[in-house]
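Colleague: Letter by letter, the chains look like this.
Number of protein chains: 2
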Amino acid sequence: MELTIAEENYLKAIYHLSEGGKKSVSTNDIASEMKNKPASVSDMLRKLGEKEVIEYRKYYGLQITEIGKRYALQTIRKHRLWEVFLVEKLNFAWDEVHEVAEQLEHIHSSLLIQRLDAYLNYPKFDPHGDPIPDEFGDVRSRPRVQINEMEINQTGQIVAVEDSSAAFLRYLDKVGAYIGARIKILDKVEFDGSVEILVDQKKTIFMSKDVASNILVIQS
Amino acid sequence: MELTIAEENYLKAIYHLSEGGKKSVSTNDIASEMKNKPASVSDMLRKLGEKEVIEYRKYYGLQITEIGKRYALQTIRKHRLWEVFLVEKLNFAWDEVHEVAEQLEHIHSSLLIQRLDAYLNYPKFDPHGDPIPDEFGDVRSRPRVQINEMEINQTGQIVAVEDSSAAFLRYLDKVGAYIGARIKILDKVEFDGSVEILVDQKKTIFMSKDVASNILVIQS
DNA sequence: CTTTATTTTTAGCCATACCTAAAGTCAAAA
DNA sequence: TTTTGACTTTAGGTATGGCTAAAAATAAAG
Numbered sequence: 001m002e003l004t005i006a007e008e009n010y011l012k013a014i015y016h017l018s019e020g021g022k023k024s025v026s027t028n029d030i031a032s033e034m035k036n037k038p039a040s041v042s043d044m045l046r047k048l049g050e051k052e053v054i055e056y057r058k059y060y061g062l063q064i065t066e067i068g069k070r071y072a073l074q075t076i077r078k079h080r081l082w083e084v085f086l087v088e089k090l091n092f093a094w095d096e097v098h099e100v101a102e103q104l105e106h107i108h109s110s111l112l113i114q115r116l117d118a119y120l121n122y123p124k125f126d127p128h129g130d131p132i133p134d135e136f137g138d139v140r141s142r143p144r145v146q147i148n149e150m151e152i153n154q155t156g157q158i159v160a161v162e163d164s165s166a167a168f169l170r171y172l173d174k175v176g177a178y179i180g181a182r183i184k185i186l187d188k189v190e191f192d193g194s195v196e197i198l199v200d201q202k203k204t205i206f207m208s209k210d211v212a213s214n215i216l217v218i219q220s
Numbered sequence: 221m222e223l224t225i226a227e228e229n230y231l232k233a234i235y236h237l238s239e240g241g242k243k244s245v246s247t248n249d250i251a252s253e254m255k256n257k258p259a260s261v262s263d264m265l266r267k268l269g270e271k272e273v274i275e276y277r278k279y280y281g282l283q284i285t286e287i288g289k290r291y292a293l294q295t296i297r298k299h300r301l302w303e304v305f306l307v308e309k310l311n312f313a314w315d316e317v318h319e320v321a322e323q324l325e326h327i328h329s330s331l332l333i334q335r336l337d338a339y340l341n342y343p344k345f346d347p348h349g350d351p352i353p354d355e356f357g358d359v360r361s362r363p364r365v366q367i368n369e370m371e372i373n374q375t376g377q378i379v380a381v382e383d384s385s386a387a388f389l390r391y392l393d394k395v396g397a398y399i400g401a402r403i404k405i406l407d408k409v410e411f412d413g414s415v416e417i418l419v420d421q422k423k424t425i426f427m428s429k430d431v432a433s434n435i436l437v438i439q440s
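Chains as they are written, first to last, in the working numbering: chain P, 1 to 220; chain E, 221 to 440.
The reader is advised that the hints may include incorrect statements.
[As the list claims (entries may be wrong)] Below, computed lysine to any residue pairings styled on SDA-like, alpha-carbon distance capped at 20 Å:
#1 E:309 <-> P:36
#2 P:89 <-> P:119
#3 P:89 <-> E:311
#4 P:89 <-> E:335
#5 P:89 <-> E:343
#6 P:124 <-> P:111
#7 E:429 <-> E:374
#8 E:309 <-> P:107
#9 E:408 <-> E:377
#10 P:89 <-> E:327
#11 E:309 <-> E:319
None of these hints come from the bench; they were simulated from the model.
My request is simple: use the sequences and hints to build the entire structure.
Modeller: Take a look at the structure:
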């Protein structure tokens, strides 16, 4: 069964909102995620229910099915592989890739994705540090902590951000806190939760708790 | 102004059928090229006329405008650049690229195309030997002859094919007559126009006039 | 100069995917 | 237990882009 572009986008949103199928999702949540109206969502949910990619009970929200998860993961896989391509091969900045990847993820060709994956050397994480599902939908995830949860003198490597708005990404680029950067916690201010960190053993930056809580690190 | 995918496909078909805007094109021709019905074409022509990418007089065919040409060439440029990418980077065979490039050509991002062009080292021809328009729509074309128009002992290099059906491309692959191959005419049979040619100084193949007339060569 | 055949267009219908406005459902507060 | 308010769905409309069937225009033949 082939899904339309709109259906793929809904499924992806539902997958994310349900945190991988764990939580039930509401019509309103989907509407605000998709930036459209609840009435439009109701319509689509009926269709997705008929295609059995979600289990839909009117007025009681929905659960994504196993089939639905497979489609969602396939789309996420394509999105993230294209992001790797754009950053590594075409030298896009990581705040420029999202919009283009949103389009590229809907290209239908399993051969294309196989070849792209091989060409990129089977990457396991995208430029934002998010895991790339394999062709069976399996995801290799790493335990990650927010910077504000770390203690003084602990070290680690930045692997992902929770807020991927262009403004936030540009800010990170400016201060040099890119994905892959090695960091060390130099100081924490108990009063407001702000932290001082050393980036790549050379640059000291200061960030509010608000910023720190949006940056994810693997400790080492 | 942004064109829809359908509009881009119509413009591309019109551009090709009119041989770059030289000839006027009929509704029926477009319908058979697009594999849909004349009634659907009439509808679309009205819209394209309103957007001023064609000049449309009911019952009298149409001419593509300068603006329309720019859009068509832009789409053709994207299609051919993606074909180069698929063949050179992802190791697609040249008979596998068309369908995927048909999808990729509709991705909207001028940055993407600039970067892709640079990444591929500003190619001037696609894997079928067709010229790639530059970002201003300029095309560098080479004088080309069909193999059946060449004389005994003349030499040249295969640069394009006129029939790009998958079946024909597979046949060419089988006999080793790929784009870029150097050839020499060994013999011509006046009776049926068939020819015997030497490919890359090592392989002798025999082809009917029908096949020979579909292969284009730059003489040298 | 008609008649006929071909081509093209119009009219009206279908599906997708969005919208607004109105009606229906559920749950929490009175 | 009833009422209120938030959430959700339905009804009916819009635009795109296809279709068939029928009407209209052009061109070709008698």
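Colleague: Hint by hint, note whether the structure agrees.
Modeller: Against the structure, the hints:
For the hint linking residue 309 of chain E to residue 36 of chain P, the alpha-carbon distance of about 39 Å lies beyond 20 Å, and the restraint is violated. Straight-line distance between C-alpha atoms of residue 89 of chain P and residue 119 of chain P comes to about 10 Å, which keeps the hinted pair within the 20 Å bound. Pair hint residue 89 of chain P plus residue 311 of chain E holds up; C-alpha atoms about 16 Å apart against a cutoff of 20 Å. Only pairs whose Cα atoms come within 20 Å are accepted, and residue 89 of chain P paired with residue 335 of chain E is accepted, the gap being roughly 9 Å.
About 17 Å separates the Cα atoms of residue 89 of chain P and residue 343 of chain E, which keeps this hinted pair within 20 Å; it holds. For the hint pairing residue 124 of chain P with residue 111 of chain P, the CA-to-CA distance comes to about 19 Å; that is within 20 Å, so the pair holds. As the CA atoms of residue 429 of chain E and residue 374 of chain E are separated by approximately 17 Å, the hinted pair is consistent with the 20 Å bound. Between the alpha carbons of residue 309 of chain E and residue 107 of chain P the distance comes to roughly 17 Å, so the proposed pair stays at or under 20 Å and holds.
Proposed proximity of residue 408 of chain E and residue 377 of chain E is supported: the alpha carbons are some 18 Å apart, at most 20 Å. Pair hint residue 89 of chain P plus residue 327 of chain E holds up; C-alpha atoms about 17 Å apart against a cutoff of 20 Å. Taking the CA atoms of residue 309 of chain E and residue 319 of chain E, the gap is about 17 Å. The hint holds against a cut of 20 Å.
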